[in-house]
Structures are given as C-alpha cells and as structure tokens.
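Peer 1: Starting from the given sequences, assemble the full structure and let the hints guide the process.
There are 2 protein chains.
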Amino acid sequence: MRKTIVEMLKNAGENFISGESIAGELKISRTAVWKHIQKLREHGYEIISREKCGYKLKDAPDLLLPSEIQIGLDTKIIGLNMEYYPSVDSTNRVAKALAYHGAEEGTIVVAEEQTGGKGRLDRTFYSPRGKGIWFSVILRPKILPKEAPKCTLMAAVAVAEAMNRFNLKAQIKWPNDIMFNWRKLVGILTEMTGEIGKITYLVIGVGINVNIKRDEFPEEIQGVATSLLEMSGEPLSRVVLFRAVLEEFDKLYIEVKALGFDRVIERWKKYNVTLGKQIQVISAGDGETFTGKAVDLNSDGALVVETAQGRRTVYAGDVSIR
Amino acid sequence: MRKTIVEMLKNAGENFISGESIAGELKISRTAVWKHIQKLREHGYEIISREKCGYKLKDAPDLLLPSEIQIGLDTKIIGLNMEYYPSVDSTNRVAKALAYHGAEEGTIVVAEEQTGGKGRLDRTFYSPRGKGIWFSVILRPKILPKEAPKCTLMAAVAVAEAMNRFNLKAQIKWPNDIMFNWRKLVGILTEMTGEIGKITYLVIGVGINVNIKRDEFPEEIQGVATSLLEMSGEPLSRVVLFRAVLEEFDKLYIEVKALGFDRVIERWKKYNVTLGKQIQVISAGDGETFTGKAVDLNSDGALVVETAQGRRTVYAGDVSIR
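Quick note, the sequences are listed as chains A and B, same order. Under my numbering, the residues of the first sequence are numbered 10 to 331, in order. Under my numbering, the residues of the second sequence are numbered 10 to 331, in order.
I should point out that these hints are in silico values taken from the structure, not numbers from a laboratory. All values reported here derive from a predicted model rather than from experimental measurement. Take these hints with a grain of salt, some might be off.
Unchecked claim - Residues of chain A placed beyond 12 Å of chain B at every Cβ, according to the derived structure:
(1) 26
(2) 124
(3) 249
(4) 299
Unchecked claim - Listed next, the stretches of chain B that the computed footprint assigns to chain A, with coverage defined by at least 3 CB atoms under 8 Å from CB atoms of chain A:
(5) 146-157
(6) 192-204
(7) 313-326
C-beta atoms are modelled at their ideal positions from N, C-alpha and C, and glycine is treated no differently.
Peer 2: In structure tokens form, the structure reads like this:
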C-alpha cells in the first residue's frame with residue numbers, strides 16, 4: 010500500500026497529487042491516505058502537503074525500505090517478498106525463522122543495522138546502522154545438500170556482477186569473500202536445513218560494507234576490513250546498489266535452476282583471486298592446517314590444492330594467501 | 010526423581026520399601042513420595058502399598074518411559090537426556106525444536122505413538138501406539154555436512170547390531186532401510202541443519218516395527234512393511250530392544266568421533282543386501298531413473314552403480330532390487 014503511494018508520488022515528480030486520487034486508486038479513505046503519509050514521514054520521506062493541491066515528494070530517505078527497493082526492481086524471484094528492520098539482531102536468524110514457517114523462496118530480510126551480525130563459525134560481523142547492506146535471502150533449490158556450497162559461490166558472483174555495474178572490480182577469495190587490497194568488502198554466510206537427499210531451505214546472508222570510512226571500523230578489524238567507499242573514493246547509494254545485487258542474484262539463480270551451476274563456476278573463476286596462488290588452508294572439518302598451491306575449483310565448488318604430499322580437496326575452511 | 014524411585018523399588022525385589030526410606034534417600038517429604046507413586050501408577054506401574062510396610066513393585070508397564078529405559082542403560086552420550094510422549098505428531102519435529110533451542114547431543118525424543126510420523130520426502134510413516142519404537146536422537150558431530158549421510162548408515166548399523174543380540178539378522182538396503190523378506194522393518198530419516206562447513210545438528214529419526222501383526226498394517230503397506238514379530242515369530246520386549254539400540258548407537262558414535270566412519274562402513278557392508286545386485290535407482294536430485302549393478306559404497310556413503318553407460322555415483326535416492 011505504502012509502496013504504491015511512494016510510486017505515485019515519484020511518478021508525479023514536481024507535481025502535487027491529490028489525496029483524493031490516491032484514495033481512489035487504492036480504494037481507501039482520504040483519512041487512511043493521510044495516515045500512510047504520516048507513516049512514510051516517520052520513515053524519513055519528506056512529503057509536502059498543501060491544501061487543495063495534495064501531496065508532493067520532496068526527498069526520499071536513503072533507507073533500504075521495501076518501498077524504495079521494490080519500485081523499479083526487475084526480478085522474478087528474489088525480493089518479491091521483503092521484510093525490513095531498522096535494527097535486528099541478525100537477518101539470518103529472522104530469515105531462518107521465516108523459512109521454518111514456510112516463507113516462500115526469494116523472501117528477503119534486510120536491516121539498517123545488525124546488533125548481533127554473524128559470520129561463519131559464530132564470528133561476529135560488524136554491521137553499523139545505515140552504512141552497509143545487511144540482508145538474507147531464502148532459497149529452496151531442488152539440489153542435493155552437497156551442492157549447497159555452489160549457492161554460496163553464486164551469491165558472491167551476484168555481488169561481483171552488481172559491483173561491475175559501478176565499474177568496481179570485485180576480487181573473490183575462495184569460497185565467497187569479496188576483497189579489495191586483501192581486505193574484506195563483503196562477507197557471506199550460508200545456512201542450510203534439509204534431509205539427506207533434499208534441501209528444505211537455504212538462508213544466504215550477505216553483508217556489504219558500503220559507506221564505512223576506514224577509521225569507523227572497530228580497531229581490531231581495521232587491518233582486515235574495507236568498504237566500497239574506500240575502494241571507489243566516493244559514497245554509493247545503497248538503494249541503487251542493493252537493487253543491482255538483487256537483480257544479478259535473481260538472474261543467476263534463474264539460470265542455475267534451468268541450466269545448473271556451470272556459468273556460476275565460470276564467472277566465479279573470472280573474479281577469483283585464489284587460483285594460482287600459494288595459500289594456507291585451515292580445514293573446517295578437523296582444523297588441520299596445511300599449505301600448497303590453489304590449482305582448481307572442482308564441480309562441487311571445492312578448492313583443489315596441490316601440496317607437497319599430493320592434491321587435496323578442500324570443501325570448507327579458511328584460506329589465506331601467502 | 011521418579012526414575013530413582015523405580016530403581017529403588019526394583020532393587021528391593023519382592024520386599025517392601027518404606028515411604029520413609031524413599032523420602033530420606035531423595036530428601037523429600039513422605040507426601041511427595043506418595044504423589045510420585047501415584048504418578049507412576051498413572052503411567053502403568055503396578056505398585057502395592059501396605060501400611061507399616063511401604064511400597065512394592067508388582068509390575069512395570071511395557072512403555073518406553075525414561076524410568077524404564079534409563080535404568081541399566083549403559084551409554085555415555087545417547088539417551089542420557091530423554092523426552093517421552095505417550096503420543097506426539099512426530100518425534101523428529103520435537104527433536105528439531107529441542108535442538109534449535111540448544112538441547113545437548115545425545116538427547117532422545119521417544120513416543121508410544123506418532124500421529125504424523127514422517128519418512129523421507131514427507132512420506133507418512135505408520136507408527137501405531139505401543140507396537141514399535143519411534144524415536145529421534147540429536148547429534149552434533151564435528152564433521153562436514155557432506156559426511157552426514159554416513160551418520161544415517163551408522164544409525165542403520167546400530168539397529169542391526171541390536172537385532173543381532175536377539176539373533177535376528179538384519180538386512181540393510183542402501184542407504185538405511187532394514188528389510189526382512191524384502192519388506193521394511195525399520196525406517197530412518199535424517200535431518201540436518203548447518204553452515205557450509207559445519208553441522209549445527211543432526212536429528213536422526215528411527216522407526217522400528219516391533220510387535221505389529223501382518224494384518225494390523227494398513228492395507229496399502231501390507232505388501233511392503235513387516236515387523237520383528239513377523240520375523241521372529243514371537244513378541245519382543247520393546248524396553249529391552251530399545252536399550253540395546255541405544256547402547257549400540259552410543260558405542261558406534263563414540264568410535265566415529267574418535268576414529269571416523271571406517272568401522273561403520275565395514276559393518277554396513279556386512280549387513281547390506283544391495284551390493285552385487287541389479288537395481289533400479291530413482292535419483293533424489295532430479296528424479297532421474299536408471300538401472301545397473303550396485304558395485305560399491307564409496308567413502309562418502311554414496312552408492313556406486315555400474316550402468317551400461319559407465320559408473321554412476323548415487324548420493325541420495327530410492328533403490329529397488331530388480
């Protein structure tokens with residue numbers, strides 16, 4: 010409802026639009042229109058009202074509100090449903106709860122701020138208010154659980170393709186960190202629930218550091234984290250970038266459903282900065298540490314490493330470039 | 010508390026034991042003891058009380074009560090915590106909810122009856138009151154999600170080893186159905202939640218058809234289901250069998266934690282009736298059907314099938330012997 014009002018205001022441009030015509034379009038009372046306008050103002054929309062003329066949009070907030078994101082969003086699955094939070098503990102936690110209760114594929118949970126943002130293995134993920142894009146998407150792919158890691162690669166490629174639109178060249182470190190100057194720009198956490206032969210749902214959480222200045226990061230991560238602001242030298246519209254990410258994500262996912270992961274793997278390889286490098290690996294299973302040369306990504310999305318003792322396949326773990 | 014009372018009564022054998030000594034042992038009032046005795050009687054314990062003598066156990070119910078199962082149960086992990094339901098929709102559903110809220114590894118959910126028992130892919134699983142063992146166990150193994158299928162093999166082997174104690178030879182059809190005369194005796198459903206590199210929890214649901222007569226099965230499954238009663242010709246004590254299953258499960262799981270799945274695979278091969286057979290496979294991923302000869306179980310627990318077009322590896326699916 011409010012999305013439609015924003016859309017009408019935007020379409021009107023510099024013109025006023027009467028409360029009556031909004032009421033007519035939405036088949037609600039003029040008082041109800043006024044209440045929605047008040048709500049939009051609370052969300053940061055600057056809306057001028059003038060007697061006998063109606064309403065005019067002066068300024069939209071730089072917030073990741075569904076009313077901002079969904080207008081002009083060109084997707085078929087991802088983001089058709091969206092839950093928005095000014096602040097939440099973790100978008101993945103909310104998305105998992107929604108998925109458990111049957112939320113449909115493509116549902117997005119987005120927040121201006123996460124107070125308990127999580128990375129892999131319960132590591133904290135810094136997610137300050139209004140300075141990044143912190144969201145989770147629910148997918149229900151008809152693939153085997155062992156293929157889930159490739160959905161994580163897909164998410165990284167989607168963000169990379171979106172960055173491309175802004176002439177920002179993403180560098181993906183296996184499996185799914187996006188880096189700039191060997192510092193982390195984007196983190197992804199995929200969680201899975203299913204049976205042995207079937208994924209019930211995946212929740213893919215994506216955190217993009219957008220407009221965070223170097224010295225705004227907590228001291229302990231200043232050496233390892235960076236932002237698109239630092240990369241490009243200028244602030245980015247989170248709304249525009251978020252739309253781009255959702256659109257690229259949608260495009261890739263539809264392709265995966267129809268044709269499998271070949272293109273994801275191919276695009277991943279184009280963006281990757283791991284293959285060909287001497288790396289150190291800490292395996293996720295047993296915590297074993299070893300070194301070698303990353304030589305390939307196999308068809309499961311696992312990393313093939315050439316070590317002094319022969320080839321090893323890493324399904325999950327931490328990789329650092331030596 | 011009630012478990013201790015039952016234990017004291019059992020230890021007393023034919024003798025009476027005074028309310029006072031129970032009260033003293035448990036540090037509760039005699040009135041509280043009397044209330045527990047009443048509760049036990051409600052659960053089916055026949056307890057005689059005689060003035061000036063106290064209480065004597067005449068008969069214990071054939072129910073899978075923690076007070077029955079845990080006394081004399083020789084396990085270190087599995088079954089130390091137990092939730093019991095006379096009737097529940099699905100023990101897996103309850104176990105998943107408990108696991109989500111942090112229940113510890115080894116926690117068991119058991120029911121006399123499931124009203125909405127589930128098999129793989131939302132198939133129904135017939136679970137009539139008091140005639141089988143319907144339980145779920147929560148595990149938190151430190152293994153990769155891709156190794157989860159081997160936990161399912163482990164569960165099948167545990168039941169097979171327990172049957173062995175009663176001189177009943179189990180036949181395992183890949184991956185984890187236990188058969189007798191090509192009819193299903195035992196079904197297993199494993200559900201998983203985790204990250205890409207980490208299992209948060211597994212819930213393994215096991216349904217054992219114990220004392221179900223052939224004509225008691227619903228007509229539509231009479232041709233494909235059977236029971237231990239039909240196999241051995243005589244009714245089995247569910248309590249004794251359940252303890253055996255939990256003990257074998259515990260033993261195998263402790264070994265897996267220390268040494269990996271080698272012994273599980275080896276024992277599985279001993280019990281299996283799939284390898285060497287001409288089979289038809291319906292793949293879980295894409296629903297593709299094909300035929301071939303089952304030639305091996307690989308190190309991931311997947312089935313290797315020799316087809317006219319070469320070897321194929323099946324990670325999940327339905328297998329029927331031709």
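Peer 1: Are the hints correct? Go through all of them and say.
Peer 2: Outcome of the hint check:
1. 26: holds, 48 Å
2. 124: holds, 20 Å
3. 249: holds, 30 Å
4. 299: Answer for residue 299 of chain A: holds, closest chain B Cβ roughly 16 Å.
5. 146-157: With 7 residues close enough to chain A, the hint holds.
6. 192-204: Holds, because 7 residues of the stretch 192-204 of chain B bring their Cβ atoms closer than 8 Å to Cβ atoms of chain A.
7. 313-326: Three-residue rule met by the stretch 313-326 of chain B, so holds; n is 3.
Going down the numbered hints, you'll see the structure goes against none, and every one checks out.
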